[in-house]
Amino acid sequence: MGTPLKSVLSATRVYHPNRTVVEAVMSDWRWGCFLYGILAVLIADEPAIQTANPPDSPVPGTRWALILSGIPGDEQHAALFQQTATAWEKWLTTDLQFESSHVLRLPGSASPTEKPAPLTAEVIRNTLADLSTKLGERDALWVFLLGHGNYDGKHAWFHVEGRDPSQADLGRWLSNIRCREQVLWLTQANSGWFVKPLSQPGRIVVAATAADDESNETEFPEALTSVTRLPVEKLDADADGKVSVAEFFIAVSAAVLERFAADNRFPTEHAQLDDNGDGLGTEVLALKETLGQGKKVDDSAEPESDGKPKPKQADGELARQTFLPFRTPNER
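Counting in the numbering used here, the sequence shown runs from 176 upward without gaps.
Rather than coming from a laboratory, the hints here were simulated on the basis of the structure.
Backbone N, C-alpha and C define an ideal beta-carbon position, used for all residues, glycine too.
Check each hint, because a few of them may be wrong.
[As the list claims (entries may be wrong)] Below, computed lysine to aspartate or glutamate pairings styled on EDC-like, alpha-carbon distance capped at 16 Å:
#	residue 1	residue 2
1	Lys409	Asp344
2	Lys371	Glu506
3	Lys463	Glu506
4	Lys463	Asp387
5	Lys290	Asp339
6	Lys463	Glu397
7	Lys371	Asp344
8	Lys290	Asp344
9	Lys409	Asp388
10	Lys371	Asp270
11	Lys265	Asp411
12	Lys329	Asp411
13	Lys329	Asp344
14	Lys371	Asp387
15	Lys329	Asp249
16	Lys417	Glu289
17	Lys409	Asp270
18	Lys329	Asp314
19	Lys265	Glu492
20	Lys463	Asp388
[Stated by the list, open to error] Label pairs and their computed distance ranges (CB to CB):
#	residue 1	residue 2	range
21	Leu460	Thr308	39 to 45 Å
22	Ser390	Glu506	30 to 36 Å
23	Pro442	Arg404	18 to 24 Å
24	Gly416	Gly328	22 to 28 Å
25	Pro376	Lys417	37 to 43 Å
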């Protein structure tokens with residue numbers, strides 16, 4: 176870098192009392208030109224102001240989405256999974272700010288003449304490994320699981336072609352994802368068992384069911400699709416002009432209950448949200464009670480020096496501060 180600006184401005188001129196007015200004016204004019212030239216050089220030599228988002232900026236960089244459709248089992252579910260995945264893909268790329276080239280749908284959409292290769296555990300593992308090398312610190316990744324799942328008393332499984340991946344497999348494959356914003360939507364039966372191995376600080380995990388005996392086919396995927404069609408104003412519960420993941424989750428949970436009520440059925444699924452990294456999901460009613468109330472006490476937390484348990488952040492705070500990136504009406 177050139178001469179420091181401070182040293183230039185500290186220079187003084189000697190006053191000559193016998194100068195004529197013209198000489199003084201000309202001298203001042205020449206001095207001004209000299210200073211102007213020096214300042215121009217110094218300013219050009221200064222580093223440019225950074226306009227990009229700093230690492231702690233709340234605005235993510237590139238947004239990625241991954242839609243994983245498991246093995247359908249029959250033609251009816253094959254058509255349903257295709258329809259649902261297509262609706263989610265369209266929502267992400269049309270209503271939300273996900274570029275089509277960054278929305279990965281596995282398997283891809285079927286054509287009248289050709290069916291895509293089925294999803295396998297190896298494909299999931301390799302895709303997540305590839306994404307871990309592409310995702311930057313400020314990027315976002317949303318993952319959607321659509322399909323069937325079961326729990327055998329020890330492990331939960333997501334049904335794909337060939338060997339089914341367990342909750343431990345997915346937890347291991349996602350462990351190398353380091354981007355700022357991570358939102359996982361697990362919409363299959365027995366998805367609550369996936370919450371603990373997938374949970375980590377800075378990640379939002381939504382499961383259609385609790386970690387319990389909730390093995391019936393879920394209403395969550397269709398409920399999620401129906402909520403994507405609602406106007407933003409309907410989803411913006413606190414009227415702040417934005418829709419948070421927490422608000423969206425609450426709306427989807429309400430839509431699930433409506434689907435059961437419409438057929439006079441007793442709810443057999445209880446959606447969970449975990450975003451504080453403790454691996455314990457919170458149901459929607461408890462989430463609505465804790466949102467905005469800051470911290471709660473976790474009795475399992477390690478005690479402080481005075482013997483009192485450390486307070487632990489309640490579920491919902493990260494989801495409340497993570498917003499759906501809606502496009503403006505002119506962008507859609």
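Results for each hint:
Of the supplied pair hints, the one linking Lys409 and Asp344 is violated, its CA atoms being roughly 37 Å apart against a limit of 16 Å. The straight-line distance between the Cα atoms of Lys371 and Glu506 is roughly 38 Å, outside the 16 Å bound, and the hint therefore fails. Between Lys463 and Glu506 the alpha-carbon distance is near 32 Å, which puts this suggested pair outside the 16 Å criterion. Note on Lys463 and Asp387: the hinted pairing is violated, with a Cα-Cα distance of about 21 Å set against a maximum of 16 Å.
With a C-alpha separation of about 21 Å, the suggested pairing of Lys290 with Asp339 is violated against the 16 Å cut-off. Only pairs whose Cα atoms come within 16 Å are accepted, and Lys463 paired with Glu397 is rejected, the gap being roughly 22 Å. Only pairs whose Cα atoms come within 16 Å are accepted, and Lys371 paired with Asp344 is accepted, the gap being roughly 12 Å. Under the criterion of a C-alpha separation no larger than 16 Å, the hint pairing Lys290 with Asp344 is inconsistent with the structure, at around 27 Å.
Note on Lys409 and Asp388: the hinted pairing is violated, with a Cα-Cα distance of about 33 Å set against a maximum of 16 Å. About 31 Å separates the Cα atoms of Lys371 and Asp270, which puts this hinted pair outside 16 Å; it is violated. For the hint pairing Lys265 with Asp411, the CA-to-CA distance comes to about 21 Å; that exceeds 16 Å, so the pair is violated. Proximity of Lys329 to Asp411 is assessed by CA-CA distance (about 40 Å); at most 16 Å being required, the pair is judged violated.
Distance hint between Lys329 and Asp344 is fulfilled; the C-alpha atoms sit about 14 Å from each other, no more than 16 Å. For the proposed pair Lys371 and Asp387, the alpha carbon gap of about 13 Å is at most 16 Å, so the pair holds. A C-alpha spacing of about 27 Å is found between Lys329 and Asp249, which places the hinted pair above 16 Å, so the restraint is violated. For the given pair, Lys417 sits about 41 Å from Glu289 by alpha-carbon distance, which is inconsistent with the 16 Å threshold.
Restraint check: the Cα-Cα separation between Lys409 and Asp270 comes to about 15 Å, which is no more than 16 Å; the hinted pair holds. Between Lys329 and Asp314 the alpha-carbon distance is near 34 Å, which puts this suggested pair outside the 16 Å criterion. Of the supplied pair hints, the one linking Lys265 and Glu492 is violated, its CA atoms being roughly 28 Å apart against a limit of 16 Å. With a C-alpha separation of about 24 Å, the suggested pairing of Lys463 with Asp388 is violated against the 16 Å cut-off.
The beta-carbon spacing between Leu460 and Thr308, approximately 40 Å, falls within the hinted interval of 39 to 45 Å. Separation of Ser390 from Glu506 is about 41 Å and departs from the stated range, judged on CB atoms against 30 to 36 Å. Distance hint for Pro442 and Arg404: a CB-CB separation of about 22 Å, consistent with the stated range 18 to 24 Å. Take Gly416 and Gly328: their Cβ atoms lie about 47 Å apart, and the range 22 to 28 Å is violated.
Separated by about 23 Å at the C-beta atoms, Pro376 and Lys417 break the suggested range of 37 to 43 Å.
Hints 1, 2, 3, 4, 5, 6, 8, 9, 10, 11, 12, 15, 16, 18, 19, 20, 22, 24 and 25 from the earlier list are contradicted by this structure; the remaining hints agree with it.
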